[in-house]
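2 protein chains.
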Amino acid sequence: MEFKYNVRDLKFILKEWLPTKEVLECDRFKDLYSLEDIDQILTEGYKVCREVISPINVVGDRNPAVFNNGVVTSPPGYKEVFQFIQKNGWGSSSECSKLEGGMPLIIYKSVFEMIAAACPAMGSNIKLTSGAANVIINFGSEDDKKRFLPKMLSGEWQGTMNLTEPSAGSDVGDALTKSYPTDDPKVYKIKGTKMFITAGDGSICENTIHLVLARPPQGCQGSAGLGLYIVPKFWVNEDGSLGKLNDVTTVAVEHKMGLKGSATCMLNYGENDECFGIMLGAPPDEKGRSQGLAMMFRMMNESRIGTGHNANAQASSAYAQASLYACQRIQGYIKGERVPIIKHPDVRRMLMDMKAHTEGIRAMIFKGYFNLDIAENSADKDKAQKSAERAAILTPLIKCYGSETAVLMNCEAMQVLGGVGYTQEFPLEQSLRDSKILTIWEGTSFIHAQDLVKRKMRMGDGKPFLSWMKDIESFITVNEGTAGLEREFINLSQAYHCLAEVKNLYDFWHLNKKDELIGLYALRTLYICSMVMVASCLLEQSLAAQRTMAELSADHYDFNFYQGKIACAKYYANNILPGVFNLTEIIRNTDLSIQECPEDSLIVN
Amino acid sequence: MEFKYNVRDLKFILKEWLPTKEVLECDRFKDLYSLEDIDQILTEGYKVCREVISPINVVGDRNPAVFNNGVVTSPPGYKEVFQFIQKNGWGSSSECSKLEGGMPLIIYKSVFEMIAAACPAMGSNIKLTSGAANVIINFGSEDDKKRFLPKMLSGEWQGTMNLTEPSAGSDVGDALTKSYPTDDPKVYKIKGTKMFITAGDGSICENTIHLVLARPPQGCQGSAGLGLYIVPKFWVNEDGSLGKLNDVTTVAVEHKMGLKGSATCMLNYGENDECFGIMLGAPPDEKGRSQGLAMMFRMMNESRIGTGHNANAQASSAYAQASLYACQRIQGYIKGERVPIIKHPDVRRMLMDMKAHTEGIRAMIFKGYFNLDIAENSADKDKAQKSAERAAILTPLIKCYGSETAVLMNCEAMQVLGGVGYTQEFPLEQSLRDSKILTIWEGTSFIHAQDLVKRKMRMGDGKPFLSWMKDIESFITVNEGTAGLEREFINLSQAYHCLAEVKNLYDFWHLNKKDELIGLYALRTLYICSMVMVASCLLEQSLAAQRTMAELSADHYDFNFYQGKIACAKYYANNILPGVFNLTEIIRNTDLSIQECPEDSLIVN
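Which chain is which? The protein sequence lines are A and B, in order. Read in our numbering, the first sequence has 240 at position 196, and its numbers run on one by one without any break. Read in our numbering, the second sequence has 159 at position 115, and its numbers run on one by one without any break.
Looking at chain A on its own, in the form it has when it is part of the complex (with noise of 0.2 angstroms):
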């Protein structure tokens, strides 16, 4: 099926809901981005998606990535496209707004979703250099940006980030990688093994630029220990050429579930001991603590607002195919006539389920690049201090919420094409299976849960947690009773008493210490944050669709639009939204059975 892409949507986001000017008029981007440009960037950026991307997508999943005698070989037009993008301005170059071309988050992530859809395995690809170009361009010094960036961000070169190890997972501080000391006070020696680093290996480009956590001898234990270091695959001098090859070797590729296009490596670094890396930021401290993690996590923040992105993208292309499966499949009569599945009432409700999931995550999602956007850009300090907090609240929703949402989806698609949706056929298997990963990496689902309930909630005296609610409370108040709309508002005014509710809860828990509660309610905590965040962007969304349409006669080619709008806010409101009084009923009765449950009886053996 050819590839097809809510585009519409997008421009809405950025043309007629997001306050898209307070991000073009900072000065970083004033000169070089007006809203006139949105719908050519996207316009152009779908054709690329549709013509270059997607159709490596399939050739990805049934030709996956190979390592043989130490080489990792990438699927067949995978080295030409994702040089493509990168050459032409699709890619790092403009995903790291620090740049000079660099785009406005919200811009750039607008194209980086429907590549993302198009090719999920490819997107991996430039995410990641892009991450591994941002964490140079905020932390490295001048020579290393002159040394590393120019051909990471031309397509000549890739990047990768490593911090998981055989017995350091979701425990990255348990990391046994160390670093020692040479000569040079910027180089180290590296030593150790790195696993599940996506996109390791693959010679899609010339070199490969991996970003490595080590432990230096006078690091400390934990995170807090752990340096980063730039590791180039083939050592580079300092005028940027190439020198000889560095002592990292790639032992084994995953062969995995979905995402096949990408290698995902196994990689040593040091075997010969002669594997060098150029420390980023400075050497421990008198503790012994580094920022390695921090600046690791400063470019993952971005990055798990984009696994859930990449997800939403991905369930959202699923529903394209769903939907329009749904209009060319003829099965069933209604009144003695045979009719297209799309007037079959459950197939109905599942796009429309799909619908307001994906467009509603979507409003989340580019509520925190907005956020983000501002908060690097603007020039009012506490502007831009309140939406890095605003934006580091909404992460782990958007990643833990977007994440396993789409998985739901996608089997919802496959759903609405049935048997044929289960056959390689139709991309609706790929996609379900290539979108499952996202609920795991960039830290699984309870790993943000308990980021929300034990991080996000409480940082700043958990002052910038109330102000979020607090926003959403006066959007309640100043829009509740809004004609049309009445129950809707009344359903999320409900939800926030909810939220309120458990974040008291939560207050209470964290005074008492009550460590099993609160580990034990974090992700449905995370979900009550969720659905009443998007709830209430989609409520936002159906009122700017009000104001419009009160300007356009109902035969104007672009009404429904706005009406279908609407109906996701009514539909996600009134199916969806209840889910948080049930939640919260479960919460507040805090049941203990798990607790009460003999361990060996969860143990089937």
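Please keep in mind that the hints were generated in silico from the structure rather than gathered at the bench. Don't take each hint at face value.
Each pair may be met inside one copy or between any two copies, as identical chains are not told apart.
Below, simulated DMTMM-like cross-link-like pairs (lysine to aspartate or glutamate); rule was C-alpha separation at most 25 angstroms, straight line [said to hold, decoys possible]:
| hint | residue 1 | residue 2 |
| --- | --- | --- |
| 1 | K48 | E643 |
| 2 | K498 | D397 |
| 3 | K558 | D397 |
| 4 | K142 | E80 |
| 5 | K131 | E315 |
| 6 | K190 | E584 |
| 7 | K498 | E456 |
| 8 | K123 | D551 |
| 9 | K430 | E60 |
| 10 | K379 | D551 |
| 11 | K387 | D291 |
| 12 | K190 | D397 |
| 13 | K288 | E46 |
| 14 | K387 | D218 |
| 15 | K74 | E144 |
| 16 | K74 | D426 |
| 17 | K123 | D83 |
Given the coordinates of chain A, work out where chain B should sit on it, guided by the hints.
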């Protein structure tokens, strides 16, 4: 990882919970099986699954059935294992309960559950052969039985069911395959194309006996006009010996997301006008109506329960793997100590969730089989009738709720493992892929939701459905206030009243022909019925556990098992069942956003 299964729960169901004796005391079984046989049958069956069947599961996934030059070749080992199962009494000869050696369903299915968990693709081969044999047992002439059954039961031949066609999926009545009378009134010529024929070919037997729906010349339109024919791949002479190749050609096999060990075939019947089939049942009546679909559905009803059962078996196996991994994987710290991840609250939550769902759904499934056993074998005709109706009500719940939940449980099991769960090192990614088809075949989830609200709620003037509700109500009345389960019975009682409310709403909608609403809320109504039923089963099991615990000391080796049973019921009643309140409120509010949404705004184009 080694195959592990929750045999203890199966033994509990058969020996400590269900009134198994009522089945064993039926004339049909009373001299053949006793409660004392159950342990041995399960222990031996488990051994066969572990040692013989489970090793080929991954083999089939990595070496799928392939189609080359018109020949389908099954994965290595499949032929041998199929024949081993069939020859040694673990397959069709035991599953066809009307045969001399047939077991009660509740006993055989407890073994089959482990087979389906050990290798779902092999499970399909067995089940389809049993299903085809069962149709012949129930509807074939004595000659048909002599001609086909011996070798179908011995492992020499296999069986298939042929319903779907390219333009007739969910709507079987649109089938285009035709049958033409010959000089022999029992023999018809068959012409047409069938698709999605599971185990439709694969060279694991010397012959394949297809049961094919086709429309005779005098057959009316729609599903009522379809006849059912025995169409062997090689003709079978009246003495049971093999004749020449019948004109049945495999033209393709599907490339699927999972269940790759079993070939899903497209079959052409009568390309050269030389395909013959033997009619089952009578020719069409004067209105052109045949009993073809009804005969197949009689078999399919059991096989729909079987589909939910397979799904739950796969979920249960995934849960077993996740529970073992959670004990072995060391990650993170609690009070300064590195711990296996089972100590982390969210991992325990996931294990508890999988335990409660799989044990609860298993309980509902075995209620279904128990009722089928009584329906088929009780001398008390009223009781048999009531049991048949009860099984008919439970069938859509088991099929739909069982299969949809299994996908979620497989996702959850993978989540326990994290990144490694996404790789082929562990069986979970295969299990997730394998299980997804079960929400689609044997009728999609929506087909079953419609079956519930349009047929099962209303059959027999609605009395059987009310009788099912009444039994749950009585169970609550008798047991509410049980010490230790007070809150759980309150929840069940509230959920029951929700169910009653939704039932009334449906009566009203039926009366007022609100077809759109009937369809729109069907799936959610099925979830309400399922959750009430599962909670009630788990609470019944808890009462049995409480009774046993009263006689055991707390240090008895099996004490924890019973505590686990009670924890399951409490977890489900307090964490899952409240979903019923939520769904009921949604149905009560009857949101119409889906109908208000313009169709073209549901389509991404």
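Checked hints:
| no. | hint | in the structure |
| --- | --- | --- |
| 1 | K48 / E643 | between (49 angstroms within a copy, 17 angstroms between copies) |
| 2 | K498 / D397 | between (31 angstroms within a copy, 23 angstroms between copies) |
| 3 | K558 / D397 | between (37 angstroms within a copy, 21 angstroms between copies) |
| 4 | K142 / E80 | within (22 angstroms within a copy, 75 angstroms between copies) |
| 5 | K131 / E315 | neither (34 angstroms within a copy, 54 angstroms between copies) |
| 6 | K190 / E584 | neither (44 angstroms within a copy, 71 angstroms between copies) |
| 7 | K498 / E456 | between (33 angstroms within a copy, 23 angstroms between copies) |
| 8 | K123 / D551 | neither (51 angstroms within a copy, 61 angstroms between copies) |
| 9 | K430 / E60 | within (23 angstroms within a copy, 61 angstroms between copies) |
| 10 | K379 / D551 | between (57 angstroms within a copy, 21 angstroms between copies) |
| 11 | K387 / D291 | neither (61 angstroms within a copy, 39 angstroms between copies) |
| 12 | K190 / D397 | neither (48 angstroms within a copy, 53 angstroms between copies) |
| 13 | K288 / E46 | neither (44 angstroms within a copy, 45 angstroms between copies) |
| 14 | K387 / D218 | between (55 angstroms within a copy, 17 angstroms between copies) |
| 15 | K74 / E144 | within (13 angstroms within a copy, 85 angstroms between copies) |
| 16 | K74 / D426 | within (20 angstroms within a copy, 82 angstroms between copies) |
| 17 | K123 / D83 | neither (29 angstroms within a copy, 59 angstroms between copies) |
Of the numbered hints listed earlier, those contradicted by the structure are 5, 6, 8, 11, 12, 13 and 17.
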